[in-house]
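2 protein chains.
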Amino acid sequence: MTPDHGPLLYEGKAKRVFCTNEEERLLVEFKNDATAFNALKRAELKDKGRLNCQISARLFERLEEANIPNHYLGLSGENWMMVKRVEIIPLEVVIRNVAAGSLCRESPIALGTKLIPELLDIYYKDDTLADPLLTEARLEILDLLSSQQRIDLGNLALKVNQCLKPFFEELGLLLVDFKLELGVDYSGQLVVADEISPDTCRLWDLDISDANDRILDKDRFRKDLGGVIEAYGEIFKRVQGVCTKPRNYK
Amino acid sequence: MTPDHGPLLYEGKAKRVFCTNEEERLLVEFKNDATAFNALKRAELKDKGRLNCQISARLFERLEEANIPNHYLGLSGENWMMVKRVEIIPLEVVIRNVAAGSLCRESPIALGTKLIPELLDIYYKDDTLADPLLTEARLEILDLLSSQQRIDLGNLALKVNQCLKPFFEELGLLLVDFKLELGVDYSGQLVVADEISPDTCRLWDLDISDANDRILDKDRFRKDLGGVIEAYGEIFKRVQGVCTKPRNYK
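Protein chains in written order, with the numbering used here: chain A, 289 to 538; chain B, 289 to 538.
No lab work stands behind these hints: they were computed from the structure. Please read these numbers as outputs of a predicted model, since none were measured by experiment. A few of these clues could be false.
Since the list gives no way to pick one copy over another, a pair counts as held whenever it fits inside one copy or between any two copies.
[What the hints assert, rightly or not] SDA-like mimics (lysine to any residue), calculated; alpha carbons at most 20 Å apart, straight line:
| hint | residue 1 | residue 2 |
| --- | --- | --- |
| 1 | 413 | 394 |
| 2 | 413 | 393 |
| 3 | 402 | 429 |
| 4 | 402 | 425 |
| 5 | 402 | 428 |
Working from the sequences, and respecting the hints, build out all of it.
Dropping the structure here:
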């Protein structure tokens, strides 16, 4: 079921964003397209859009309960979400609890190393530059954020981790790392935007020790491990088991 | 003329390091080998070893005059330098006054952008990882330095810039950026090691506006601009013109 929507505003690799009849609201359609390695690897995964949308809605409602500002307004269909219009900051904000992925390719820190306190990595979101890592000083030169917003950004990302890490732990899942995109809303407040799903979080089954079998996120796609949708479905099943049905937003 | 030396301790891409009959002193031979792009590009450039050794000796003596601790003891031949034995820290410490090179490939900061204050970038020195950029937090996780040494490292690099930038300016040269390697000496002090030469500094002729013609450093080799040795010779000529003959260390 496709909700009424206005013109397409933006199409990304995994989502389309449409205008609505309200200036301050946008409709997001979660697509079944899967991409990795800066879109060098592509596939269509049936049901991925619905699963990521449904998981995201529930996680955004958890953030809401924890008073963490985000763009979510409600579901508008199985793979449709109504969100606040925000100005997206072209950064990828990554929190890592355990070393994996690019951190291990870019440093001698071994896969699986526990990071205490959690590591905050900020990348510049630009496909032509392959999303490069930014140091604090480079971020400052780019002048994308005020100094207060730079502080707020770090605090916001840490609060999301403090909310989601124990939440996933109760579901038998280790939140290895996750990527946030942040936006600035009409009032100037920094809010969590985009999605929170197995596309943007690394999640390992706490009861499985095998390094591949435990993976329940997009790494199954990146590493050709198979069972991608089954893993996303498992995440959804566990999240759904402890969350109320997300509200509808018509 | 090859000075008396003991066994080879280490061979890098541009230098060989030999033991001497004194535990605390090492002999460094500057080679004519030129490499770029993590040694994917290689050449032998006649006279490069001598020029870099002679330029380095004079620059280290400038640092010495400015009370900036470094490993230099004296020249021991045309392309041989006696240095203090230090424990090299596996970092490349880069100071940038103007955006060029990897900064422009890794961020939207345009070539030639003035960086005020200068930008400090720290890379992990590891060919197998292609010398990745480190954030402050990643550097802390690697645990290569005490927190005092991390502060000292930044201050030392800035002091080198404060010494060399105006020095080169008087020679009609813009010190665009430079890479330092640091070591810890027997007393635990952080010192500038390695070399300071057109292999490790970007230097642009201040009187030439053409973006390629002004380059007087290793970028001539990286970019296949030709005239590499002529450029290094030009730097040597200007440096030599204002410096006394470096001391010999036998």
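Hints versus structure:
Taking CA atoms no more than 20 Å apart as the test, residue 413 paired with residue 394 passes in both settings, with 17 Å inside one copy and 11 Å between copies. Taking identical chains as interchangeable, the C-alpha atoms of residue 413 and residue 393 lie at most 20 Å apart whether they share a chain (19 Å) or sit on different chains (14 Å). In this assembly of identical chains, residue 402 and residue 429 lie within 20 Å of each other by CA distance solely across copies; the values are 10 Å between and 31 Å within a copy. Taking the shortest alpha-carbon separations for residue 402 and residue 425, only the inter-copy value of 14 Å comes in at or below 20 Å, while the best intra-copy value is 26 Å.
With identical chains, the CA atoms of residue 402 and residue 428 are at most 20 Å apart between copies only, with a shortest distance of 14 Å across copies and 28 Å within one.
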